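Trainee: What follows is each chain in one-letter form.
2 protein chains.
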Amino acid sequence: MLRIPGPTPCPEQVLRALSRQMINHRGDEFKEILLRVTQRLKEFFQTKGDMLILTSSGTGGLEAAVVNTLSPGEKVLGICGGVFGERFASIAERFGADVRRLNFPWGQPADPEAIAQALDSDPGIKAVLVTHNETSTGLTNDLASIAKVVKERGKLLLVDAISSLGCIELQSDAWGCDVVVTGSQKGWMVPPGLAFVSLSQEAWEANRKAQMPRFYWDFSVAKKYLEIGQTPWTPAISVFYALDVSLDLIAQEGLQNVFARHARVGRKAREGVKELGLSLFAEESHASNTVTAVNLPGGIDGRELLRKMREEHGVVLAGGQQELAGKIFRIGHLGWVQEGDIEKVLEKLRLVLTELGFTSRE
Amino acid sequence: MLRIPGPTPCPEQVLRALSRQMINHRGDEFKEILLRVTQRLKEFFQTKGDMLILTSSGTGGLEAAVVNTLSPGEKVLGICGGVFGERFASIAERFGADVRRLNFPWGQPADPEAIAQALDSDPGIKAVLVTHNETSTGLTNDLASIAKVVKERGKLLLVDAISSLGCIELQSDAWGCDVVVTGSQKGWMVPPGLAFVSLSQEAWEANRKAQMPRFYWDFSVAKKYLEIGQTPWTPAISVFYALDVSLDLIAQEGLQNVFARHARVGRKAREGVKELGLSLFAEESHASNTVTAVNLPGGIDGRELLRKMREEHGVVLAGGQQELAGKIFRIGHLGWVQEGDIEKVLEKLRLVLTELGFTSRE
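The listed protein sequences correspond, in order, to chains A and B. So in the numbering used here the end of the first sequence lands on 362, straight run, no missing numbers. So in the numbering used here the end of the second sequence lands on 362, straight run, no missing numbers.
Next comes chain A alone, as it looks inside the complex (with noise of 0.2 angstroms):
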């Protein structure tokens, strides 16, 4: 029983479908499908755009937002409050971009005011680099009133969604995300290998001034290559198959009910962890529906805690992240989930830490 922030484990269905034979991927019968997912990913990602599939994780995605949108020596504002956030903005800053941070504390929100007074106070930024669900702290920013204050100040907007898309509600278009990149392993219930960017006009606009340098990632060839129903370079084929059933899977439940039952799921996590007597790492009031962190409790070693569980139970849990290793451990709730997964890890989660001696203070 896979329980981390992705990968996800895949429905029967999906991984029958990975089996398939290989097909060319400069011909019809892949062509089909190549338009076929692009244009049910563009429903999903509720834009009107463009939309690119590359073959890469979901980091290369962020790479590739980063590298066709911006110069070297570009003032950017990096919003960070975790793993993600903090990655994002290296990337920017990786390939020359003059980043300044906002850093808010890992476990609480971005406020749209800071960020507000952060572009006011330095009118020659041009992009902010935001995190819609931070993995790391198990946290969802508000991204519409972000988006917001960044687009009233014409600022391009870039948005990792790589692991929100698909189970929380995003409005590309009509929060005006200029780039949303999210991963193929998270909410999509597909395995690893393919990142989903779309593009606002907007984002075109500053591809074409964009000058740091880029040939697997060039946006502007993929695009030239969609028009012809292909990839510019070979794509991992097998998960576009695992992806066009995916899809239909997420279609027939509808996207609506597919975030309702995230959040479901979400708010049973939360509150079948509190009734353990554990305590959630980020603020309650923006924790997010796809992944919950939990402080470890005083005297239990998280080491121990998920290795019982994966061992003696066979639920698959994450650990923290960088300064969070030994201090949080997580639960993954995106994509293939239902609220009885989660009633499941919780049951095991009371056995493990009686077992490790806990006793909620209650």
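Simulated from the structure, these hints should not be mistaken for lab results. These figures come from a predicted structure and were not determined experimentally. The reader is advised that the hints may include incorrect statements.
In this list, chains with the same sequence are indistinguishable; a pair is considered to hold if it fits within one copy or across any two.
[As the list claims (entries may be wrong)] With a straight-line cut-off of 27 angstroms between C-alpha atoms, the simulated BS3-like cross-links for lysine-lysine are:
1. K327 with K224
2. K148 with K327
3. K348 with K48
4. K348 with K31
5. K31 with K327
6. K274 with K151
Based on these hints, arrange chain B on the given structure of chain A.
Mentor: Chain B only, in chain A's frame:
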């Protein structure tokens, strides 16, 4: 019957492996797979150097080779004689290298003597980019001899071995190749999604000085993660499952037997094509054992030939790329292929050519 130069068909066992459920990419089970396939690949690359596996197409691997070893402004010799030699040179150019192209007529091998002269006449050249097997023209360069003149002059040697490794002899260490790149969907009989890169000690020395910007492709980060049995970013897990099985199959057959099989199959393709009264595009002394490029006889429409082969006989062949479009067609014979497969292709080809009114002048 997919007979293009990649993706190649996958054996049944490989396809079945793709359907395995997801696992934690930061757990022990993935670690075992990663370390096992890495070790095996090193044997097949004939290297004791490092081996890194990237989630990308082969082109991503080429970009990674360039940005990890070179700096903007550095002089590089790009050996060109087809689409893929051009691509390798273009990547280096895009990232700011000062690329000098040494052009050989398409279909003619790169001449080691001419390469030696080019290097001697411009001692500022730091690195050489070479394509072992030029998929676009069906030609295999004499990499051993090229490597000799490059290494005698102390230059860094970056090799595109995407459509040769695992099919055609390539002794990475013995020949002195510093970075060697291939892709999973070629001789490895695995779906696309992974690139494999070997690195010599000299490549690592170049890496330490290389100033081209990199994040997703960063070899030093990948090496650090490999030491703990992980990849820095989420890997294409299902393709790893497939690779684990296919490397077993290759090891069972024995690498030398695999090379001999490709040699037999390549010879069968070339002889068969000539028996049909057609001519080979590439200089026959250097004809590739993984892909055969055939000149389209006068009066025969290449599109129609490929369409009839595909729709009426279920045989998928490849056309010519770029300047060779409409001038050649290509038969892929790498990976999971036997002489019988080529016999079937030739049989259908004879039928279709006759229908199209082709009569051999013999």
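Trainee: So, for every hint listed, does it hold in this structure?
Mentor: Hint-by-hint comparison with the structure:
1. K327 with K224: Only across copies: K327 and K224 sit 24 angstroms apart there, 47 angstroms inside one copy, limit 27 angstroms.
2. K148 with K327: neither (34 angstroms within a copy, 55 angstroms between copies)
3. K348 with K48: neither (44 angstroms within a copy, 45 angstroms between copies)
4. K348 with K31: For K348 and K31, the Cα distance is within 27 angstroms only across copies (25 angstroms; inside one copy 46 angstroms).
5. K31 with K327: Between copies only: 24 angstroms across, 47 angstroms inside.
6. K274 with K151: Answer is neither: 38 angstroms inside a copy and 64 angstroms across each miss the 27 angstroms cutoff.
Hint compliance for this structure: hints 2, 3, 6 are not met, and every other hint is.
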